[in-house]
Amino acid sequence: MAYERKRNKGESPKLDMTPMIDVVFQLLIFFVVTIKQEDILSKLSAARPAPDSNANPSKQPDLITIIVAPQGFVFNGRLVSKDELDRKVERYSKLSKTAMIVIKCTADSPHGLLVQSLDICSKHGMTNLSIFSI
Amino acid sequence: MHKKKLRSTDQCEIDMTPMIDVVFQLIIFFVVTLKMTSDKNEDIFLEDGKNGVTLTQDNMPPTTLEIEVGRRGRISIHNATMSKWQLSQILKARVNRNGNEFPVLIRGDRKTPHENVREVMDICTGVGIWKLSFVAIQEHKAGK
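For the protein sequence lines, the chains are A and B, in the order given. For the first sequence, the residue numbers in this note's numbering are 1 to 134. For the second sequence, the residue numbers in this note's numbering are 135 to 278.
No wet-lab data here; the hints were simulated from the structure. Backbone N, C-alpha and C fix where the C-beta goes; we use that ideal spot for every residue, glycine too. Warning: the hint list may mix true and false statements.
Label-pair restraints from in silico Cβ distances [said to hold, decoys possible]:
#: 1; chain 1: A; residue 1: Val-80; chain 2: B; residue 2: Val-156; range: 21 to 27 Å
#: 2; chain 1: A; residue 1: Val-80; chain 2: B; residue 2: His-212; range: 54 to 60 Å
#: 3; chain 1: A; residue 1: Lys-123; chain 2: B; residue 2: Thr-151; range: 32 to 38 Å
#: 4; chain 1: B; residue 1: Thr-198; chain 2: A; residue 2: Lys-14; range: 53 to 59 Å
#: 5; chain 1: B; residue 1: Thr-188; chain 2: A; residue 2: Glu-90; range: 36 to 42 Å
#: 6; chain 1: B; residue 1: Val-165; chain 2: A; residue 2: Arg-87; range: 46 to 52 Å
#: 7; chain 1: B; residue 1: Asn-230; chain 2: A; residue 2: Arg-91; range: 41 to 47 Å
#: 8; chain 1: A; residue 1: Pro-19; chain 2: B; residue 2: Pro-196; range: 52 to 58 Å
Which chain A residues face chain B? A few, computed with CB under 10 Å, are given here [as the list claims (entries may be wrong)]:
#: 9; residue: Ile-21
#: 10; residue: Phe-31
#: 11; residue: Leu-41
#: 12; residue: Met-100
#: 13; residue: Val-102
#: 14; residue: Ser-109
#: 15; residue: Pro-110
#: 16; residue: Gly-112
#: 17; residue: Gln-116
#: 18; residue: Ser-122
#: 19; residue: Asn-128
Just need the whole structure built from these sequences, with the hints factored in.
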């Protein structure tokens, strides 16, 4: 008697799980394959002065000028590489973090170089940046 | 004898419940995180900028405006192309509504000539937005 009851209760409500597990695994594989990781983005801020205020920005005493040209960066009238610019900005950043950096971009310079120069300034904690177009 | 055999099959059966629980959790996770359509210009290749401020949901308020500038100077917002005039109208409407303090992000391709980015910056300064930010990649996660 006891054996009979146990057997009935154990078997009659049992569902066949196999098709459900198949479908669920299909879905899981689909989502694992289609998911795309996003890049982690950062933002580099700079000021853009009004068109009329760029009449004479060189009047300010502590002013560092970086020119962004298609070939690279021009610092103090000399073409420098990214690493050289990094070292020069580092040296200036030790003197003053609040010194104004003016980044002058030529019309045909790629946007990537401007972002690189902003990245270097941000690396050394320089926050007073402004962008001019020449 | 018969009874003994039944017990031995009982022991072999694996309990599926925890596995199904875990698998459902995973499926729900992937369904929720899946974005089918993207609302940004996927053709833009950003420059690396490891030292910038990380963009998170917290420092991007809903008023943030992201302007995309493609490699050939195509201006778009959420991948909807627009002319310079349209962009200036949108910016004017935004400034009237929110003031000129809302964050403006410029998402420029690394090879876009500066003159195209300049046009966007000039439109921004034209409506009184002085502080602009450029988007860069801090850490590559997606494959190239």
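Hint by hint, here is what the structure shows:
1. For the pair A/Val-80 and B/Val-156, the beta carbons lie near 56 Å from each other, so the given range of 21 to 27 Å is not met.
2. Between A/Val-80 and B/His-212 the beta carbons are some 38 Å apart, a value that contradicts the proposed interval 54 to 60 Å.
3. For the pair A/Lys-123 and B/Thr-151, the beta carbons lie near 53 Å from each other, so the given range of 32 to 38 Å is not met.
4. Under the hint 53 to 59 Å, the C-beta atoms of B/Thr-198 and A/Lys-14, about 55 Å apart, fit the expected range.
5. Distance hint check for B/Thr-188 and A/Glu-90: the Cβ-Cβ separation is about 22 Å, which falls outside the suggested range of 36 to 42 Å.
6. At roughly 50 Å, the beta carbons of B/Val-165 and A/Arg-87 sit within the given window of 46 to 52 Å.
7. A beta carbon spacing of about 45 Å between B/Asn-230 and A/Arg-91 agrees with the range 41 to 47 Å that was offered as a hint.
8. Here the CB-CB span from A/Pro-19 to B/Pro-196 is close to 45 Å, at odds with the stated 52 to 58 Å.
9. The restraint placing A/Ile-21 at the interface with chain B holds, with a minimum CB-CB distance near 7 Å, inside the 10 Å limit.
10. Evaluation of the A/Phe-31 hint against chain B yields a held restraint, the C-beta minimum of about 3 Å falling below 10 Å.
11. Evaluation of the A/Leu-41 hint against chain B yields a held restraint, the C-beta minimum of about 4 Å falling below 10 Å.
12. A distance limit of 10 Å between C-beta atoms decides the matter here; for A/Met-100 the minimum to chain B is near 14 Å, and the interface restraint is violated.
13. Taking 10 Å as the C-beta cut-off, the interface hint given for A/Val-102 is violated, the closest approach to chain B being about 15 Å.
14. At a threshold of 10 Å, the smallest CB-CB gap from A/Ser-109 to chain B is about 5 Å, leaving the interface hint in force.
15. Interface hint status for A/Pro-110: upheld, as the beta-carbon distance to the closest one in chain B is roughly 5 Å, under 10 Å.
16. Hint status for A/Gly-112: holds, given a least beta-carbon distance of 3 Å to chain B, under 10 Å.
17. The interface hint given for A/Gln-116 holds, since its Cβ lies 6 Å from the closest Cβ of chain B, which is under the 10 Å cut-off.
18. Look at A/Ser-122: its Cβ gets to within about 4 Å of chain B, closer than 10 Å, so that hint holds up.
19. The closest approach between the C-beta of A/Asn-128 and any C-beta of chain B is roughly 12 Å, which is over the 10 Å cut-off, so the hint fails.
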